[in-house]
Amino acid sequence: MANELDKIEVKPARRQFLRGAAALASVALAPGLLLYQARPAGANVDSGVRWGLLIDANALSEDDVDACVSACQREHGWRAEDGSATDAQWVRKVKLRDRASGHTRFLPVMCQHCEHPPCVDVCPTGASFKRADGIVLVNKHTCIGCRYCMMACPYKARSFIHEVLKDQLPVAPRGKGTVESCTLCVHRVDRDGADAVPACAEAVNRAGRQAIWFGDLNDPASGISQALREFGATRLRADMGLNPGVGYRGL
Amino acid sequence: MAATQRYAEIRSRSPGYWGVLLLLAGLALVGFAAAHHMDVEGHHVTGMNNQVVWGLPHVFAIFLIVAASGALNLASLSSVFGRAAYKPLARFSAVLAVALLVGGLAILLLDLGRPDRLIVAMTHYNFKSIFAWNILLYSGFIGIVVVYLWLMMERRMQAFSKPAGVAALIWRLVLTTGTGSIFGFLVAREAYDTAILAPLFIVMSFAFGLALFALLLGFSFRFDGRELDQSHVERLRRLLGLFVAGIFYFVLVFHLTKLYGTQNHPFERFILTDGGTYTLLFWLVQIGLGNLLPLAICFMPAFAGSARALFAACLLVIAGAFAQLYIIIIGGQAFPLNIFPGYEVESSFFDGVIADYAPSIWELLLGLGGVAAALLLALLALRVLPILPEGLPAESD
Ligand code: SF4
Chain A
1 MANELDKIEV KPARRQFLRG AAALASVALA PGLLLYQARP AGANVDSGVR WGLLIDANAL
61 SEDDVDACVS ACQREHGWRA EDGSATDAQW VRKVKLRDRA SGHTRFLPVM CQHCEHPPCV
121 DVCPTGASFK RADGIVLVNK HTCIGCRYCM MACPYKARSF IHEVLKDQLP VAPRGKGTVE
181 SCTLCVHRVD RDGADAVPAC AEAVNRAGRQ AIWFGDLNDP ASGISQALRE FGATRLRADM
241 GLNPGVGYRG L
Chain B
1 MAATQRYAEI RSRSPGYWGV LLLLAGLALV GFAAAHHMDV EGHHVTGMNN QVVWGLPHVF
61 AIFLIVAASG ALNLASLSSV FGRAAYKPLA RFSAVLAVAL LVGGLAILLL DLGRPDRLIV
121 AMTHYNFKSI FAWNILLYSG FIGIVVVYLW LMMERRMQAF SKPAGVAALI WRLVLTTGTG
181 SIFGFLVARE AYDTAILAPL FIVMSFAFGL ALFALLLGFS FRFDGRELDQ SHVERLRRLL
241 GLFVAGIFYF VLVFHLTKLY GTQNHPFERF ILTDGGTYTL LFWLVQIGLG NLLPLAICFM
301 PAFAGSARAL FAACLLVIAG AFAQLYIIII GGQAFPLNIF PGYEVESSFF DGVIADYAPS
361 IWELLLGLGG VAAALLLALL ALRVLPILPE GLPAESD
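Residue numbers (my numbering), protein chains in the order written: chain A, 1 to 251; chain B, 1 to 397.
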């Protein structure tokens, strides 16, 4: 946890210093001995990057969406009992039926990682925040549990922890009385960078069939940017001008 | 007359008086215990859930906070607008404002998921957050009103009480606007996405604050055997009528502007015709008991000067206030977000359905405890400080 917070709170100046230091270290030790990975801990929140998801509604069956949800549960250690109004749901299966045609489809809906997140604007303590790379998170140390962010979120993406929790996973610290939501598998992103695959995407992508793209929206050469160019995407409640980092194809 | 006005502490020894004070103290303690239970067990012991995240405690808290700013009215009328008739009531008006605000904030604090992190809330400010601004506005309000009260009570300082009164008036209008904006900023929710909420909250504050003020004044005067002349009752009665008419007007405008946009029709139908409890609360309690009946009482000549009629109207206004805030706060969340316009939606997370909410006893006790604490604080202040006039006899003019 301390380690994760370190990463989050790194100031740009220090980040640059660290990146410089990392480069130096790499230079000094290369080529035989490379002590640092490309992104040492504390230096990998890059403001030039904006991580996002593209979800292909046409490719996802109901079972696929269920697989997304269970993969997220396994990855982060949350569970939601059927019909419970108080259990947390980081990602949920939404069934849509077109009123005109009767056509039905299933979507995973999670935090949309907005560019202008209302949850961040309203949070009194700044616990709800957006990282320089576009991932919207809750700082579990400063969240006071006022739930104003939940009132403000247009996507119903956040959950409040209503009871004492046991058996938490190290990658996803959670606690009674605070709010949480999809982290875009930030622990994977910090480990693997552009090669990261969030758990939900991993659960449904197979060889020859990409259903969820993850990547850097700012990099025109990234897979997600290319897919976006090719297929286009619908942003949920685009009318609100929040510019979500998550897009849906085939809506 | 104003210059010779004498003030005195409440000295009542009547068992009825002490009974009420004890009852309030007991309720406040029980409320605190209920909050402790919620804190230990988690919010699953309340009726709140991931759909309705603000529940009954917020109805009580916002009632008190809104009423606090309105309670200051009589003081403003006297210091700022020079209405001498209200001068004897100015001190109590300021005391009540502070007491109500403290009670409301206590509820909000105790309902947090992590009330133990109060210190975080005081040291980490996000200045983009209207909530954070409200924390500053509320503390500032208490500070200004306490100074204002002191200037009014200290003979040598009375000349300064006018500028302090102006400051308090401006501050409290900003404060109520800020409270209204807590909802106005929630653009994603159809119930709140309107600028009318800010002025609506201001007139609500006038009426709710005055209703509590008149009730406590009547209570203290009665048990202390002080004279309350008809002329004063009559003035308060007409003032209350004016404020209730204001609420009625803004509620009308709120719903008419909503009805103007077709996309809001489902929400309007929910409140006005199909919402079950919410619809019943709206027509019966908010409009019927909370607006129309008090309007009749306040404007019918038959009730002129009747203290009983005034107090009945005040109680009705308060009942209407709770219904109105319940509909705004809880009804506004129960109505589903429209994330996928044009689609029928279904999910494990209650998308597309009206959310259920049934308040639990713990929330109710916390809310009542906060109100009791606020009233107790105000009544105790009346006992230890010369705040209320020794009597309000008929005026010579
Ligand atoms: S619940 Fe926590 S993250 Fe959400 S607004 Fe309140 S303090 Fe911020």
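You may find that some hints are simply not true.
[What the hints assert, rightly or not] Result set (PhoX-like, lysine-lysine): computed pairs, CA atoms no more than 25 Å apart in a straight line: (1) A:K130 with A:K140; (2) A:K130 with A:K95; (3) B:K87 with A:K130; (4) A:K140 with A:K166; (5) A:K176 with A:K140; (6) B:K87 with A:K140.
Treat the hints as calculated values from the structure; they're not laboratory data.
The structure presented is a predicted model; accordingly, all values stated were derived computationally and were not measured.
CA of A:K130 to CA of A:K95, is that 25 Å or under? Roughly 29 Å between the alpha carbons, so the hint for A:K130 and A:K95 is violated.
Tell me if the straight-line CA distance from B:K87 to A:K140 falls inside 25 Å. Between B:K87 and A:K140 the Cα gap is close to 50 Å, so the pair fails against 25 Å, i.e. violated.
Please work out if A:K130 and A:K140 have their alpha carbons no farther apart than 25 Å. Cα-Cα ~14 Å, so holds.
Next pair to validate is A:K140 with A:K166; report whether the Cα-Cα distance is within 25 Å. 16 Å, holds
Could you grab the alpha-carbon distance between B:K87 and A:K130 and see if it respects the 25 Å cut-off? 52 Å, violated
A:K176 and A:K140: Cα distance at most 25 Å? Cα-Cα ~10 Å, so holds.
Of the numbered hints stated above, those contradicted by the structure are hints 2, 3 and 6, listed in ascending order.
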